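From first to last, the protein sequence lines stand for chains A and B. Mapping the first sequence onto the numbering used here, position 76 (from 1) lands on 76, and the numbers just tick up by one. Mapping the second sequence onto the numbering used here, position 222 (from 1) lands on 222, and the numbers just tick up by one.
Honestly, the hints are just simulated from the structure, not real lab data. Mixed in with the good hints there might be a few duds.
As the list claims (entries may be wrong) - To give an idea of the chain A side of the interface with chain B (calculated C-beta under 7 Å), a few residues: (1) G33; (2) A43; (3) E57; (4) G59; (5) D61; (6) L64; (7) D65; (8) I68; (9) F310.
As the list claims (entries may be wrong) - Straight-line alpha carbon distances no greater than 30 Å define the calculated DSSO-like cross-link-like pairs of lysine-lysine that follow: (10) A/K3 <-> A/K52; (11) B/K79 <-> B/K281; (12) B/K131 <-> B/K192; (13) B/K303 <-> B/K131; (14) A/K316 <-> B/K161; (15) B/K303 <-> A/K184; (16) A/K52 <-> B/K258; (17) A/K184 <-> A/K118; (18) A/K324 <-> A/K184; (19) B/K192 <-> A/K316; (20) B/K192 <-> B/K161; (21) A/K110 <-> A/K184.
Fair warning: this is a prediction, and the values are worked out from it, not measured in the lab. Using N, Cα and C, we set each Cβ at its ideal position, and we do this for glycine too.
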Amino acid sequence: MAKKSYRQAINEALAAEMRRDERVIVMGEDIAGGMGAPGEQDAWGGPMGVTKGLEPEFGRDRVLDTPITESAFIGAAAGAAATGLRPVAELMFVDFMGVCFDQIFNQAAKFRYMFGGKAVTPLVVRTMYGAGLSAASQHSQCLYPVFTHIPGLKVALPSSAYEAKGLLIQSIRDDDPVIFFEHKAMYDDEEDVPDESYTIPFGEANLTREGDDVTIVAFGRMVQFANQVADKLEKDDITCTVVDPRTTSPLDEDTIIEMAEETGRVVVVDEASPRCNMATDVSALITQNAFKALKAPIKMVTPPHVPVPFAADLEKEYIPSPEKIEAAVREVAAA
Amino acid sequence: MQLSRDDLLKAYRDMRVIREFEERVHEEFAAGGIPGFVHLYAGEEASAVGFCMNLTDVDHIASTHRGHGHSLAKGCDVKGMMGEIFGRQNGLCAGKGGSMHIADLELGMMGANGIVGGGPPLICGAALTAKTLKTGGVAIAFVGDGGSNQGTTLESYNLAKVWNLPAIFVVEDNGYAEATASAWSVGGSQVKRAEAFGMPGYQVDGHDFFAVHEVAREVVDRARNGDGPSLVHVNLYRYYGHFEGDATTYRAAGESDKVRAERDCMDIFRRRVTEAALLDKKQLDAIDREVESLIDDSVAEAKAAPVPTAEQLLTDVYVSY
Chain A
1 MAKKSYRQAI NEALAAEMRR DERVIVMGED IAGGMGAPGE QDAWGGPMGV
51 TKGLEPEFGR DRVLDTPITE SAFIGAAAGA AATGLRPVAE LMFVDFMGVC
101 FDQIFNQAAK FRYMFGGKAV TPLVVRTMYG AGLSAASQHS QCLYPVFTHI
151 PGLKVALPSS AYEAKGLLIQ SIRDDDPVIF FEHKAMYDDE EDVPDESYTI
201 PFGEANLTRE GDDVTIVAFG RMVQFANQVA DKLEKDDITC TVVDPRTTSP
251 LDEDTIIEMA EETGRVVVVD EASPRCNMAT DVSALITQNA FKALKAPIKM
301 VTPPHVPVPF AADLEKEYIP SPEKIEAAVR EVAAA
Chain B
1 MQLSRDDLLK AYRDMRVIRE FEERVHEEFA AGGIPGFVHL YAGEEASAVG
51 FCMNLTDVDH IASTHRGHGH SLAKGCDVKG MMGEIFGRQN GLCAGKGGSM
101 HIADLELGMM GANGIVGGGP PLICGAALTA KTLKTGGVAI AFVGDGGSNQ
151 GTTLESYNLA KVWNLPAIFV VEDNGYAEAT ASAWSVGGSQ VKRAEAFGMP
201 GYQVDGHDFF AVHEVAREVV DRARNGDGPS LVHVNLYRYY GHFEGDATTY
251 RAAGESDKVR AERDCMDIFR RRVTEAALLD KKQLDAIDRE VESLIDDSVA
301 EAKAAPVPTA EQLLTDVYVS Y
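Construct all of the structure, not just a fragment, from the sequences and the given hints.
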């Protein structure tokens, strides 16, 4: 198996699904680049080069550059999905949901329910999230809890290149609207990724580490940090189970509860702002269902309740780091 | 109205400050000293300066992600700007905003903006404040050709018209929204869009400071006199990529060099004022030297300034909480 980056894994998933099903189209701002310009076509492949190569293979009819009009093209993707296409729209940064959110949460998310089960909306919105590149307050947020809150949407948070490919193929084949979150600091992360297509089902958590002392539930990039901490602490005879829920909607509640019961000590790691985020959600879930098994209060590792800062030192302080996760695990283990 | 000698000197200096600032940010970014996303205004100076020279501190502007030029033209402190872009405590926003969120509300600079089309509604608000409180102020939204297609921008045209606001929409069309040509992405014409909303629309050559300044004076006067909003479509060119690091392969080979050589707004200005004997070359060269040293100092100060402290991460989220 070849080592591939998170970027390449996503690109492969898109290309494979476009070959497999001609109803799959992709659209977004400079998703190819060079539209109407005198120079190179496919000049960008999106701002991070994730979709590069799709336009030469599939042409402009299936790889649609858009004007900078998120309301219009995200809404158009929802409309196209409800009428027979399977669009994958790129919302460049999830922060831009502010421009187009109505089309996602009042329109796409609710078609099926409002229309008495008659609508099928196989829409995927790929979007970039997360801090780490000094992209400041309007380009660094982790807004997946907001989408998780909306009934009718599914939310995927791939934590590695392998996960990204399988979860994206699943997202494209899924008949409901899926918001697919790509962490901007992970595009160069590499691991073994099969060449062939495969799917990872939604709502089935992955145990990336298994241990006896502490259960860490982590989301997206935080899974990588949790794995690092688990590997380090093993040398100090603290063994951890790391639960990667993979999707926040649907959420694999059974596995989370079971793993919480097994160790009785839980740390939840979430890069999203601390109020009403996945950490609070999972903590409530465990407290309701596994209270008697808990040997210590659940610890939540999150950023503080502030916007994401620009200055690199402040941003470093903001992000839930492996060091902060380690401290929380040690504290819970000792309690 | 003939520009005075002092006006001409100020116009040249303001443009030179922006050019020098952006060229240095370009170098410093390449050297690795500046974090995050940076979008440079070099090549577009005549627009920011042509408009902002018609404004005072009672007036407001809102900018785009390409905001350094507008900020400097509105009077933002050069050293505070450079400090901000480096993410230092001496920055205008204490290092918390960075290039895309630079602002100085006391000067009526309502911020660069990370959201395309974020500024026009804000400027309707600033214009409403001016109208309600009778400050005599006007408000300008600078928008790119990309931003001109956002719903927020078109809704703002309508709102400004129906509320008869002292608002001005300046569409700076540098030919490309990111990597997409405005020739493709903009349906219809900017001027006709303005007319469709019932406001006057103008098109002006953004390489020509004098042309920009003249149109700007007319639309600012109209707004100040209570006669409502206007739109100006400015044709110009950005010398660098959409962001620093953009290889700009979507442009024609040599395109940027050709504009620099043939239509540079600074060169055109120099030629015009010296040929007409309004200013002499020595005065302009002296400004160049003074500005270069100011930018040198601003970079040195930024690099020497302390980074924000960990405590500052938690401050200024609310007034009280």
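Hints, verified against the model:
Interface restraint check: A/G33 against chain B, minimum CB-CB distance 4 Å, threshold 7 Å, status holds. For A/A43, the interface hint holds, the least distance from its beta-carbon to any beta-carbon of chain B being 4 Å, beneath 7 Å. Using the Cβ-Cβ criterion of 7 Å, the hint placing A/E57 at the interface with chain B is not satisfied: the shortest such distance is roughly 18 Å. Interface restraint check: A/G59 against chain B, minimum CB-CB distance 16 Å, threshold 7 Å, status violated.
Taken as an interface hint, A/D61 does not check out: its beta carbon lies about 15 Å from the nearest beta carbon of chain B, beyond 7 Å. The interface hint given for A/L64 is violated, since its Cβ lies 11 Å from the closest Cβ of chain B, which is over the 7 Å cut-off. Evaluation of the A/D65 hint against chain B yields a held restraint, the C-beta minimum of about 6 Å falling below 7 Å. Checking A/I68 against chain B by beta carbon gives a least distance of about 4 Å; that is within 7 Å, so the hint holds.
Satisfaction of the interface hint for A/F310 is found here, the shortest Cβ-Cβ separation to chain B being roughly 3 Å, below the 7 Å cut-off. Distance hint between A/K3 and A/K52 is fulfilled; the C-alpha atoms sit about 19 Å from each other, no more than 30 Å. Restraint check for B/K79 and B/K281: satisfied, since their Cα atoms lie roughly 27 Å apart, inside the 30 Å limit. Restraint check for B/K131 and B/K192: the C-alpha separation of about 26 Å stays at or below 30 Å, so the hint holds.
Restraint check for B/K303 and B/K131: not satisfied, since their Cα atoms lie roughly 42 Å apart, outside the 30 Å limit. Restraint check for A/K316 and B/K161: not satisfied, since their Cα atoms lie roughly 45 Å apart, outside the 30 Å limit. Restraint check for B/K303 and A/K184: the C-alpha separation of about 27 Å stays at or below 30 Å, so the hint holds. A distance of roughly 29 Å separates the Cα atoms of A/K52 and B/K258; the hinted pair therefore holds under the 30 Å criterion.
A threshold of 30 Å between alpha carbons decides the hint, and for A/K184 with A/K118 the separation of about 36 Å lies outside it, so the pair is violated. Restraint check: the Cα-Cα separation between A/K324 and A/K184 comes to about 21 Å, which is no more than 30 Å; the hinted pair holds. Between B/K192 and A/K316 the CA atoms are separated by roughly 48 Å; this puts the pair beyond 30 Å, and the hint is violated. As the CA atoms of B/K192 and B/K161 are separated by approximately 15 Å, the hinted pair is consistent with the 30 Å bound.
Annotation: proposed proximity of A/K110 to A/K184 holds, straight-line Cα distance about 29 Å (limit 30 Å).
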